[in-house]
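Chain by chain, the residues run as shown.
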Amino acid sequence: MSARFRVLAALLGLALVVVSLRRERADAAEEARFRLVDVAAKVGITRVLLAGRPDKDHLLDSSGGGAAFLDYDKDGRLDVYLVNGWRLEGSRVVEKGKNALYRGKPDGTFEDVTDAAGVSGEGQWAQGTAVADYDNDGWPDILVTSFGRNVLYRNLGNGRFQDVAKEVGIESPGWNTGAAFFDADADGWLDVYIASYIDVTIEQVLAARPSLSWRGLETVAFGPFGLKGAPDHFFRNERGKRFVDATAAAGMEDQATGFGFGVRAADLTGDGRVDVYVANDSDPNYLYRNEGGGVFKEVATWSGAALDENGAAQASMGLALGDVDGDGIPDLFTTNFSEDFSTLYHGLGGGAYEDVSKASGVGAATFKPLSWGTAFADLDNDGALDLLVANGHIYPQIDRHPELIGTYAQKVLLLENKSRPGQPLFRDASAEAGPGLEPARAHRGLVIGDYDDDGRLDVLLTALDAAPVLLHNEGRAGSWLTVACEGAHGEPNPIGAVVTIRSGGRTQSQDIASGDSFLGSHDPRPHFGLGAAEKVDEVDVRWPDGTHSRRRDVPARQILKIRYGS
Amino acid sequence: MKLHVRSVTVVALLAATALAPKPAAAQAAGPSTPAELVATYKSLADGILSLKRTEEDLCRSILAAAHAHGRVELGRAQAAIKGGDAKAAQNAVENLAASVGQIATEGDNAVAAVRKKLLDGGHHHNAAGEAQGVFDEGFVIVTKAAKAKLLASSRAIGQMASAPKADALDAEWKKVDALFAELTKPAK
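Protein chains in written order, with this note's numbering: chain X, 1 to 566; chain A, 1001 to 1188.
I should point out that these hints are in silico values taken from the structure, not numbers from a laboratory. Be aware that a few hints might be false.
Residues on chain X that point at chain A, a partial pick, calculated with CB under 8 Å [said to hold, decoys possible]:
#1 E298
#2 G304
#3 L307
#4 N310
#5 G311
#6 A312
#7 A352
Using N, Cα and C, we set each Cβ at its ideal position, and we do this for glycine too.
Only chain X is shown next, with the shape it has when bound in the complex (with noise of 0.2 Å):
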């Protein structure tokens, strides 16, 4: 054999591998059971949202912002708003950001309406955002919660919004964060119930500068502890007309006045009746058990979502709620700060919750990170709900000390739920999501929703002083439903109804909800993946009046549009 000829065939031979491996390679890019992918920048997504100052010099500065899937225009198909904060150069605003609104397009693109809609904030530094047709003209409508004063957009018909928060009542200046719509006594009219964070002013915030020693190695900025909270509001909803504040009449009183953070309604007791979680930074949870009659009691500890397993309160600021074992009852997720586990509340029924964090391997994966919007969604479509967690600390001090457990920017996790009833278990999988959750950020709002209407759940994702994240769901996903309901006053997706499957002995359950995450609002549409089956055997929705609408041998891969009163 001659030279020529050995050499030309190790060349063979490595090309031949090198082939074998890029199709591999791509082989397993096609099967990866999640694969993620940031696609905002050519999506048309980019509007970068201001968070304070570069040293974080005041908690406001870290405490970002959270996002919302929407449908404003009742086109079916998802828009996007994000809020937004303000820049900082010393006690100097240097710039006041504006919200955006994006309407998504039949292409899969997005076009920045923000202007046309007159949606952008009205100068006010924005925290979070709820989605809900509060004047049952069946268009949704937006809350803005922000530091100053609260925003809330009537939704006109026709394109553009109108701030009306002054004229019905709900500006409720101070630093409002996590707001949530509900029906609290069941008169047809949804009620609001917002967190509040510190109880500060603005030239205070201006004045700021860092002054807490962290473990003796930086000087960051104050607080929480050392400063005073704001107390929480519930805003009852007088026939669209106007919002009174009913919050010591309700008996939600923020006794503890805890730093408030994620809000969530939902019938967390099984008794049918709307109840509240509010996710509360350095003090215990609180849990509003509606006792009928727009009247709740506090029942947190007892109930045993309030604390840690060891009975210490944590440094709470998102939440997600889903049944992650399959026993049909709601469990409980709230994100922490670092070094301390985020907690997996196993709902045990009646209203009971148990810390099942160490036991369901949420504990470990979620110890190091500091953690803020979060998601149970069925990434894979296995009808299994898994766990998405947005991290990001928030002194950008610590990057100076590698011996300091984590970095500022941080990257999103991504927990594969692999429980069986009874026994919730998830296993760390964001090594092997794609090239979407690389990235290391100081990601603070989560949202999920189906944008392109795939059938795969997307996520959206805010970040400080960054452009949001998109991320497209591109993995191996299963069979799916994603129910599209019209309330009775043809408003899309009517808060507080409940969406009930059958499907290969499986029942899911699921409701529409606004105000999650972290300050935010997903999809309103309720999603089902359901593994390998075609059919689903029974498809129910109780609507938010009790009655119910039901549909028979529904073929998967669709989504089933559902009308009140059909």
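Knowing the structure of chain X, use the given hints to seat chain A on it.
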């Protein structure tokens, strides 16, 4: 603020008195903290320690009130169970669970706000115990270990609310009773 100004004035007057010229023999002993200031500080120390004891007594009273309330609710629950009044029994059991929760957390959310205020002001009643991991921040009587057990009892009682059984309630209450007795026994 007024109180602060008055205190400073009193101390200043005492200091002026103490620093007034002394007989030659006294001057020969060398510089020392004026006895009047030491005496005043000693009185203040008695006051501070007395306040700390008062805080402890107050927290014992909060626990005792929650415990007494729990005992009453237990009686109500048992009477309701005996009388077949499911609604009243559920209400009483939930109140009992709440009372046990309040023993665990040394009071309700309103007390938590007071505790937070003290912590924000730098007051840790059991600073050494906190450092050793025995107490949660700001807690005066209830140790971490006792708190976890009491919270477990609170949750267990709460879970009985929809279908309470008298003997099961009694058994759980006995655990609470024992913990309460241990926590509130007089200091040696």
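Indices of hints not satisfied (ascending): none
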